[in-house]
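> Protein chains in written order, with the working numbering: chain D, 13 to 341; chain S, 13 to 341.
These are calculated hints, taken from the structure and not from any lab test. A few of these clues could be false.
Copies of the same chain look alike in the list, so a pair counts if it fits in one copy or across any two.
[Stated by the list, open to error] No more than 25 Å apart at the CA atoms, straight line, and that leaves these computed lysine to any residue pairs for SDA-like:
(1) 63 <-> 327
(2) 170 <-> 123
(3) 207 <-> 147
(4) 242 <-> 123
(5) 170 <-> 187
(6) 207 <-> 140
(7) 170 <-> 51
(8) 187 <-> 142
(9) 170 <-> 46
(10) 170 <-> 52
(11) 242 <-> 282
(12) 170 <-> 48
(13) 187 <-> 140
(14) 242 <-> 283
(15) 187 <-> 48
(16) 170 <-> 47
(17) 294 <-> 180
(18) 287 <-> 237
(19) 170 <-> 55
(20) 170 <-> 121
(21) 187 <-> 46
(22) 294 <-> 171
(23) 187 <-> 123
(24) 187 <-> 47
(25) 187 <-> 49
2 protein chains.
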Amino acid sequence: MKLSSIADAKGVFDLLRDDLAAVEREFARQSSSEVRVITEIAEYLLAGGGKRIRPLLLLLSAKALHFRGESRIRLGAVVEMLHTATLVHDDIIDAADTRRGRPSSNTAWGNSKCVLAGDWLYMQSFQVAMEERNFHVLDLLISLTQQMVEGELLQIQKLGRLINEEEYFDLIFRKTASLFRVSMQLGAAIADAPKEIEGQLGEYGRNLGLAFQIVDDVLDLTSEESTLGKPVASDLREGKATLAVIHALERGTGEEREAIRTVLADRSFNRVPHKTILAILKHHGSLDYAMDAARAYAEVARQCLTDLPDSEAKRALLWVPGFVTSRDR
Amino acid sequence: MKLSSIADAKGVFDLLRDDLAAVEREFARQSSSEVRVITEIAEYLLAGGGKRIRPLLLLLSAKALHFRGESRIRLGAVVEMLHTATLVHDDIIDAADTRRGRPSSNTAWGNSKCVLAGDWLYMQSFQVAMEERNFHVLDLLISLTQQMVEGELLQIQKLGRLINEEEYFDLIFRKTASLFRVSMQLGAAIADAPKEIEGQLGEYGRNLGLAFQIVDDVLDLTSEESTLGKPVASDLREGKATLAVIHALERGTGEEREAIRTVLADRSFNRVPHKTILAILKHHGSLDYAMDAARAYAEVARQCLTDLPDSEAKRALLWVPGFVTSRDR
Numbered sequence: 013m014k015l016s017s018i019a020d021a022k023g024v025f026d027l028l029r030d031d032l033a034a035v036e037r038e039f040a041r042q043s044s045s046e047v048r049v050i051t052e053i054a055e056y057l058l059a060g061g062g063k064r065i066r067p068l069l070l071l072l073s074a075k076a077l078h079f080r081g082e083s084r085i086r087l088g089a090v091v092e093m094l095h096t097a098t099l100v101h102d103d104i105i106d107a108a109d110t111r112r113g114r115p116s117s118n119t120a121w122g123n124s125k126c127v128l129a130g131d132w133l134y135m136q137s138f139q140v141a142m143e144e145r146n147f148h149v150l151d152l153l154i155s156l157t158q159q160m161v162e163g164e165l166l167q168i169q170k171l172g173r174l175i176n177e178e179e180y181f182d183l184i185f186r187k188t189a190s191l192f193r194v195s196m197q198l199g200a201a202i203a204d205a206p207k208e209i210e211g212q213l214g215e216y217g218r219n220l221g222l223a224f225q226i227v228d229d230v231l232d233l234t235s236e237e238s239t240l241g242k243p244v245a246s247d248l249r250e251g252k253a254t255l256a257v258i259h260a261l262e263r264g265t266g267e268e269r270e271a272i273r274t275v276l277a278d279r280s281f282n283r284v285p286h287k288t289i290l291a292i293l294k295h296h297g298s299l300d301y302a303m304d305a306a307r308a309y310a311e312v313a314r315q316c317l318t319d320l321p322d323s324e325a326k327r328a329l330l331w332v333p334g335f336v337t338s339r340d341r
Numbered sequence: 013m014k015l016s017s018i019a020d021a022k023g024v025f026d027l028l029r030d031d032l033a034a035v036e037r038e039f040a041r042q043s044s045s046e047v048r049v050i051t052e053i054a055e056y057l058l059a060g061g062g063k064r065i066r067p068l069l070l071l072l073s074a075k076a077l078h079f080r081g082e083s084r085i086r087l088g089a090v091v092e093m094l095h096t097a098t099l100v101h102d103d104i105i106d107a108a109d110t111r112r113g114r115p116s117s118n119t120a121w122g123n124s125k126c127v128l129a130g131d132w133l134y135m136q137s138f139q140v141a142m143e144e145r146n147f148h149v150l151d152l153l154i155s156l157t158q159q160m161v162e163g164e165l166l167q168i169q170k171l172g173r174l175i176n177e178e179e180y181f182d183l184i185f186r187k188t189a190s191l192f193r194v195s196m197q198l199g200a201a202i203a204d205a206p207k208e209i210e211g212q213l214g215e216y217g218r219n220l221g222l223a224f225q226i227v228d229d230v231l232d233l234t235s236e237e238s239t240l241g242k243p244v245a246s247d248l249r250e251g252k253a254t255l256a257v258i259h260a261l262e263r264g265t266g267e268e269r270e271a272i273r274t275v276l277a278d279r280s281f282n283r284v285p286h287k288t289i290l291a292i293l294k295h296h297g298s299l300d301y302a303m304d305a306a307r308a309y310a311e312v313a314r315q316c317l318t319d320l321p322d323s324e325a326k327r328a329l330l331w332v333p334g335f336v337t338s339r340d341r
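Looking at chain D on its own, in the form it has when it is part of the complex (with noise of 0.2 Å):
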């Protein structure tokens, strides 16, 4: 069987270029309410971007299914407004200022509001998903919904400590790659697919989530503010260890690991500097063992797709692996 050839970010965005902007029209006309504060909420979170990666991933695997009714505009919006409604009480567990370089909605309107505002948007991300009368649709979103706050509550606890890698691949899956395989799922579940095909597409989902949040973690040890939109190690300074940091703890010295420890206790860079950590990351070759990990994801996730026909769809999906790992934000 010959390999399908991979697509550009040109050919992907033409491919989807008309159906990202009604997801968007979709998502501003879901995310408006009576009550005018939900509405304004709504639309900061909206106009501040963001990648739109799990609509793409959900509109990718619907096309590559052949499908094209409306459901796959309505769920497109749904799966972003259900991780923006994440990203709000995120927020406010985080403490967090700033989001995509802006003050972060916590900080523009207060915990109250966004506790009650990120409500909302769960409950109207199911609202919408129930116009599908799908009881699988519905299945799939909640419990999606449960293993996500789980994750973010298992994170809770851990912050501060070290976790080896297997806790942290559990946290990953349940903060990133449980959506992006859902979203993969739902695709095929609204083109009425076979269950195999449903798995596979949903495993492309998981592999490919898991690589996009190694990266995410990797970047956020790396990069500069001015191109995260937040400030630089944040995870470090939240207490949050990540692949790299793991791998750096379990082959430093003892001075190292105290470096590191003391990081992750003091939630600071205080005693420690940013720049000693980022040193002992490198001597070790932590950095890169991360980005091994991530490319081995995006491999796995590749493969996951064989037995689907060749379509432009399937060679956007074989592309977007790469995008992810390549990615410097």
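Guided by the hints, dock chain S onto chain D, whose structure is given.
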């Protein structure tokens, strides 16, 4: 048609003893998670008691329609869990220290965990409700939850401000009466009752819920902390004007209005003592006015049952409004 005689507390309790015990067990089963802190918070909330009036209404509604299936237990636990989820988020928003005479969950676990525990309880309610495989049940629950969340947001916007009766009734409908209504409707929905009956039972619930909340708001003004399990006049301390206060504002002298306005704006009794406010309310008969309104809604609730055939459950439903309006906590 002979008017049904009305039950008494013992009769109602005997009628529902087994079902209410089953709802407790179901609630405990539903709220156990592999994430330990969720189970801890849920058990704490469960042990805190509460009147269980929402499951009671659902059980009576189903029973009055001769429905005996397991759905009544499952959904009885769902409406209590949904109610609990709103309490967890409300306590964060109100920065409440105590609830039902114990530290509130946000005091005990902190806001971050409670944002997520509330989210989890919402999702779990829906997850369990999904087992019914009944879109109408899900529509009722999801619309309801959104209405409650919007109500809480509207309330925040009105804090410290003078509101009118119309705004007050909209708020207490969203906050309390909407869930009372849906509890009754769910009992009818699982019994597969005609839309008309479901509507009448829903109206019973709505009117009862309005009566319930009006009484709650009066008790907040007049009761002792030891009876309420939370500080006296919490509503005024949080900047919330309730029915008796709105009545006095419309009838009071300039000086009296100013006193009330000061407490609402200060959110404290530092400049105007609690007893001054109570004296104003008593002078204008405002507490009686509110209690009369509650009794009128209770009477409308009873009248909503006219078409329902006589049964033990109906007699219990006729008893509930009197119980709600004569309680002291």
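> The structure should be examined with respect to each hint, and the outcome stated for every one.
Here's how the hints hold up against the structure:
no., hint, verdict
1, 63 <-> 327, "within (19 Å within a copy, 59 Å between copies)"
2, 170 <-> 123, "both (23 Å within a copy, 17 Å between copies)"
3, 207 <-> 147, "both (15 Å within a copy, 23 Å between copies)"
4, 242 <-> 123, "both (19 Å within a copy, 23 Å between copies)"
5, 170 <-> 187, "within (14 Å within a copy, 35 Å between copies)"
6, 207 <-> 140, "both (24 Å within a copy, 23 Å between copies)"
7, 170 <-> 51, "between (34 Å within a copy, 17 Å between copies)"
8, 187 <-> 142, "both (24 Å within a copy, 23 Å between copies)"
9, 170 <-> 46, "between (39 Å within a copy, 15 Å between copies)"
10, 170 <-> 52, "between (34 Å within a copy, 17 Å between copies)"
11, 242 <-> 282, "within (19 Å within a copy, 42 Å between copies)"
12, 170 <-> 48, "between (37 Å within a copy, 13 Å between copies)"
13, 187 <-> 140, "both (22 Å within a copy, 23 Å between copies)"
14, 242 <-> 283, "within (22 Å within a copy, 44 Å between copies)"
15, 187 <-> 48, "between (30 Å within a copy, 18 Å between copies)"
16, 170 <-> 47, "between (37 Å within a copy, 12 Å between copies)"
17, 294 <-> 180, "within (20 Å within a copy, 62 Å between copies)"
18, 287 <-> 237, "within (14 Å within a copy, 55 Å between copies)"
19, 170 <-> 55, "between (33 Å within a copy, 22 Å between copies)"
20, 170 <-> 121, "between (28 Å within a copy, 15 Å between copies)"
21, 187 <-> 46, "between (31 Å within a copy, 16 Å between copies)"
22, 294 <-> 171, "within (23 Å within a copy, 53 Å between copies)"
23, 187 <-> 123, "both (21 Å within a copy, 20 Å between copies)"
24, 187 <-> 47, "between (29 Å within a copy, 15 Å between copies)"
25, 187 <-> 49, "between (27 Å within a copy, 18 Å between copies)"
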